[in-house]
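J.: Residue-level listing of the chains:
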Amino acid sequence: MNTETKPDVNIDRSLGDFSYDVDYEFDAGLGLTERTIDYISDVKKDPDWIRAFRKDALRKFQGMPMPTHWASHDLDNIVFENIRYYLSQGTEPKRSWDDVPADVKRTFERLGIPEQERKFLAGVEAQFDSEAAYSNIKAAVGEQGVVFVGSTDGLQKHPEIFRKWFGKVIPTGDNKFSALNSAVFSGGSFIYIPPGVKVKHPLQAYFRINAENFGQFERTLIIADEGSEVMYMEGCTAPKFETSTLHSAVVELVALKGAKIQYITVQNWSANVFNLVTKRGLAHEDAEIKWIDCNIGSRLTMKYPGVIMKGRRARGEVISIALAGDGQHQDTGAKMVHAADDTTSNIVSKSISLGKGRSTYRGLVQIGRHLKGCKNNTECDALLINTESRTDTYPAITVRGRENACQHEASVSKINAEQIFYMQQRGIPKAAAMSLAVNGFVNDLVQQFPMEYSVELKRLIDLEMEGSVG
Amino acid sequence: MENELVAPVWPEWFDQAAAIQDYESAPPPTRKDEAWRFANISALDLGPFVSAPEVSNEGRLIVASSGLERFSAKMVFANNALVHEEAPHLPGGVVFTPLEVAAREHEALFRKYFMAQPVELGSHKYAALHKGSVTGGAFLYVPPDTEVSLPVEIFHWAEGQGTSVFPHTLIVCGENSRVTVLDRFQSADGLAAFACGVNDLHLAKGARLTYVAVQDWSRDTLAFHLNSTIVDAGALCTSLATNFGGGFVRGESLSRLVGEGARSEMYSINPVEGTREVDQRTLQDHVAPNASSDLLYLNALDDKARTIFAGLIKVQPGANGTDAYQKVRNLILSDEADPNSMPGLEILNDDVRCSHGATNGPVSEDELFYLQARGIRREAASRLIVNGFFNALLEKLEDPALRAHLEDLLAKRLKVSQYAG
Amino acid sequence: MSLHIQNLHANIGEREILRGLDLEVPKGEVHAIMGKNGSGKSTLAKVMAGHPDYDVTAGSVTLDGASLFGMEEPDERARAGLFVAFQYPMEVPGVTIANFIRAARQARLTEDEDLDAVEYYEELYAKMDSLKIPRNFTSRAVNEGFSGGEKKRCEILQLAMLAPKYAVLDETDSGLDIDALKVVSDGVNALRSPDRGFLVITHYQRLLDYIVPDVVHVMVDGRIVLSGDKDLALKLEAEGYDWVEKEALATA
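Residue numbers (the numbering used here), protein chains in the order written: chain A, 1 to 470; chain B, 471 to 891; chain C, 892 to 1143.
In case anyone wonders, no lab produced these hints; they're calculated from the structure. Each hint can be trusted.
Label-pair ranges, simulated between beta-carbon atoms:
| no. | chain 1 | residue 1 | chain 2 | residue 2 | range |
| --- | --- | --- | --- | --- | --- |
| 1 | A | V79 | B | Q587 | 34 to 44 Å |
| 2 | C | L1000 | A | H370 | 33 to 43 Å |
| 3 | A | P65 | B | Q587 | 26 to 36 Å |
| 4 | B | V533 | C | D1070 | 52 to 62 Å |
| 5 | C | E907 | A | G196 | 27 to 37 Å |
| 6 | C | N898 | B | S834 | 31 to 41 Å |
Just so it is clear, the structure is predicted and the values come from calculations on it, not from any experiment. All C-beta atoms, glycine included, are put in the ideal place defined by N, C-alpha and C.
One chain only, chain A, in its complex shape (with noise of 0.2 Å):
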């Protein structure tokens, strides 16, 4: 099979590759400084605690190295005297499309956020660059207690919850891109759910770039009291630019006994995003935490969303899919740290690596000594279409006691030639043939993922699968 055929570079027929202009009204200009932190503050009218807070993010983050002593030495090129840390129209989203200001809405409607928002939607926040633009949820849903505000919001209206849990499960010195996030952090969800209340629809977040040389560092907090669950959904689009744009978050999520949260992301990034993310969930008792991760596009991508059980029979799950299209580095994973008896893991991982394109699995299990009763299971897949295609999987996994077990098994494949040779026998085009072929490797993880998204994300992959056969 001829699979030899240079991908298409320019794969940006994806739906989020437009940007229209928009005035900002608030601008912190390039590079990052105290000032940068006090104009930043001062907009936003943080309390003492958060400067205070941002300032001392700002001193670790300069003192920490670039992680290229394991990471990708492409960090090396984010330069970051030439982004922009915060742009804005303003602080407070609006609870209406209609009151959206209209450069703004029309991205929004060319993403169709407004009508996913109709068909099945609890709650939406979108966020155009620094701030939310938009924000509401279901009156129903709100009126059972939920929660589900701008994280600025969050720590102004519900300091009591906020300060409680805020930058508990990801310390802010816990890696560079977390200590840069603390610093400059603006928009993402706060989220709180009471006490057995169940959120029947998702509660969803959609992520814009729209400005050049621009740094998005949203805060996700999410707390889900005892027994309530919850499904949060995230999507985030940037359009192609020539220089390079940053987007580095950071996710808090606590289950409080017995709680579930559910959260899905599907990123479709420009390939001119370096996409930094932290994620973590702590698992109280009988909790249960399951990320469902979908990367897609980026010039890299480093994301292993992690999972703390400290208490019993705490559950934690990644579900991750990556693909990398050429020139991109989807470099992900999973950290599962056990931390209770009786707590288990699982760790599902398939990637998809595309012309030059390199996708990279990080994982880390920990189980200690004294524990007992707890298992992780992992399993990491890599399918790699082109001859020029890369994988590389780095498990690390520590895992004691005699009353715990664990298992780690990872595979690397090419598209079975047999079975393509099967479908364009019976007539279906060597392109399709694979899109058809790629989907099926990834399918039994698609099937995790709501309705509406596992459509959207068949679309993507047969998108990024056009350039890649001749």
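Using the hints provided, position chains B and C relative to the given structure of chain A.
T.: Relative to the frame of chain A, chains B and C by itself:
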């Protein structure tokens, strides 16, 4: 024959001073180095060690250097000095000499192969120390189309408090040659020693080498064993490293498949207990097409034992048709044991079959029950199962006499009485 | 002198499988237990052997008067004279049959006694020959890669080598063709003795043509509901179990 042994000397061109300089200028490892992730850096203090004195009673060690009933040739080194050599069944043309002799009499071969591969898995510094300090060591050259039917045996002994030994084994297999080597590393006493060994294996086209290292240093020994294996087209290397002894053992093993259809099998057996640590780093480097490699490392950890396995399968862009496998299995016998596994893949070619795995778990309760149901006490049943866990790997060795010998050594090590059969 | 089971109740998890089972196998006799799948036959074998998955909630089992449940570990029970030939024998990777049986024999000696290797092998080979087990099996790992018939023959070999007071054969006929069945039954018949009792668990009558029992018991829902002579097995084969169950219900 023994009286003919003269202390060998290096030729002048062999510059050990430069190697020592290299050692001294190389920075010591830190845990930030990926190659030393999880490693116990504090175990690397070479302060207490001294150069090796002459051994007190070489006769005793020569007698104790008994391995297989039938062998083709044998060398015995005690504290770096050659104390015995014999070659009852070595075919003509095969060169089996101490390194220094090889450097003088087979200079071209020696220069081509001696430490020809850079040490890439973290211990460059200690390789330099080895090069700057090595005396003795065995050089084996098997000419093309020559078969050495009986195994070659090499014994390395360390004796005395804080003694430093630098065992070296260099094997060069000519095209379509065939040989088996059993390399034994032992302490003459229970004292702490520093062992810094290198073994390099070179296989020309179609060669077949079985190399078994049985490391049984004292429980207080700090040991490095650095291996590189270069396999050319159609050649097959089967290597097995057993770590029975040593307090802190760092093993680095690299197999590079440079010819089409080459195959390297890398096996390791590690019963680890007490506070012993076995830190192993491996690389299966697929350069040539249609080559295969199979790695299986077995660890059984008891008490506060610690193991690190960091392995990498690397498939280079030109290595179409690669078939590579890598697996580490940790059998956990105590709650305090600390196994760390980092099985890695770097695949730069789509035409591959690669998989790896890591498992951790206790002795199966179902197996224990079955043995107990036959009247075997739980503790003995557990040891028998551990023995079986390792024995299953020995089955991969072709030579029945060698396999039986290793089964015997293993059973003794695990205090399991057994019958050959 | 007997294997005596009284009012035995046992659970797996929350589920009760044995519900007051009574049975006595006098030394020198062969008893058979027949019953449908799920009646608890295999559970009985595992409970007696001391499998950790089962909890005994009431009742007793004695071997010549010695309480089985007074012995906590399965190996103690085995050394006390109980042998269970399992329906699905475990594979024990890397442990050869020779070493496995040897370890079991050694465990029956005192600490300073050692098994005589020559005698041991002579005995082992003789018994393997009579069971038509090829001699090279001694160096194969226990049950690993064995066919169903090989596994069963290996169980009978162990039975012969360990010479228990009472042997429980759990579905020993399953997976055997007629030749293998004959080999296995001949092996068992050769081991019948006034000093040994057998409890043969099966759900086909066929095995009992070869190993002729003194008494046949029928097990329904974790209890023995009917006992009789070997003709009972023939009746069950011909008429099925429904009538027994009905009778059992009627008398319950």
